[in-house]
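Chemist: Work out the full structure: start from the sequences and follow the hints.
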Amino acid sequence: MSLYEFAGELFDLEIRSEHVKRICRGYEAQVYDRDAIPLFVSDEELAYERSLEPLGTDGLFEETALYRKICRHMIDAGGFVFHSSALALDGKGYLFTAVSGTGKSTHTRLWRQAFGKRVTMINDDKPLIKKTGEGVFRVYGTPWCGKEGIQNNTSVPVAAIAILERAERNTVTRVTDPSKAFPVLFNQTYRPRDPAAMGRLLDLFAEWIHATPLYILRVNMDPEAAYVAMEGMKG
Amino acid sequence: MKIKDGFMLRELGDGFIAVAVGERAASFNGMVKLNATGAFIWKTLESGCDRDGLIRALTDHYDIDAAKAAEAADAFTAQLRKNGFLDE
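These protein sequences, in sequence, are chains A and B. Take any residue in the first sequence, note its place counting from 1, add 2, and you have its number in the numbering used here. Take any residue in the second sequence, note its place counting from 1, add 112, and you have its number in the numbering used here.
Don't read these hints as lab results, they were simulated from the structure.
Within a straight-line C-alpha distance of at most 30 Å, the following computed DSSO-like cross-link-like pairs (lysine-lysine) qualify:
no., chain 1, residue 1, chain 2, residue 2
1, A, K94, A, K182
2, A, K94, A, K236
3, B, K194, A, K182
4, A, K149, A, K133
5, B, K155, B, K145
6, B, K180, A, K182
7, B, K114, B, K145
8, A, K23, A, K71
9, A, K182, B, K114
10, A, K94, A, K133
11, B, K116, A, K182
12, A, K71, A, K133
13, B, K155, B, K180
14, B, K114, B, K180
15, A, K71, A, K94
16, A, K133, A, K119
17, B, K194, B, K116
18, B, K155, B, K194
19, B, K116, A, K71
20, A, K149, A, K236
21, B, K145, A, K182
22, B, K145, A, K133
23, A, K182, A, K133
24, A, K119, A, K94
25, B, K145, A, K71
26, A, K149, A, K119
27, B, K155, A, K182
To give a feel for the contact side, a few chain B residues facing chain A, derived at Cβ under 7 Å:
no., residue
28, M120
29, R122
30, G125
31, D126
32, G127
33, V133
34, G134
35, M143
36, K145
Covered stretches of chain A (chain B as the covering partner; in silico rule of three or more C-beta atoms under 8 Å from a C-beta of chain B):
no., region
37, 183 to 192
38, 197 to 209
Built from N, CA and C at the ideal position, the CB exists for glycine as well.
Modeler: Written as structure tokens, this is what we have:
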């Protein structure tokens, strides 16, 4: 048995590659009080990933395929992945999402430079979100965190979600109608094909974005961007 | 005409959204945003009906005349057809 815990859920993983064993270090389960969900990546699933991205390695294919399966199981546990750079400031979670290449990671780096030890990175690319109470959602670190490997095995309540856009001047706008932002945000999660799971995910996701303050951050790459963003979002 | 199989419609706050599930998700990766009228037409077309049936459903549900209902029905079904969501 190789037990790992992601977002408070226990998994028994049959890992094939050294690469995936290495990235999952630090997520070995500390408690054994529940049944673990057994998961492994089959030859067929590996081949499917290879067909999408022929230039990768088997380790990377396993990394992607395994997370896809974990994220599918998370939905049953009230959780989902949210493609974003996530950090904690003073113990509160801020999630920054954007289309690829906008500079999510660059922006959260500015927060680390501006606020120093007050900031803990949760996950720079694919954190998990899980409902832990009525209208309460937490963001969790995971090993799936982008090229730089920036993540911590920790969790904090989500305080705000920010949609990042590049601009000349730094401004923060509160989104008052979350349903308008739904398509943009829902694109940042893994969507299951199984209709029952899709239904659960839609309900969960809608609850999340209605319970969480949403902002559009129009920012440049100057240090000032972090201060303007933080002031605008601290509520 | 009928909405193709493999779509799921959900109400979200003051709007509606349709996403693809099952095999449909392989060919359609996007989302369809709908207002209340669009969602009503979508739901009516999920079980399938002809143009007259749709116009009747609209005049029954909304306080509008047949001409206005026909305009709404034609505009919306043209959009659905263009995006490949309809089986004729």
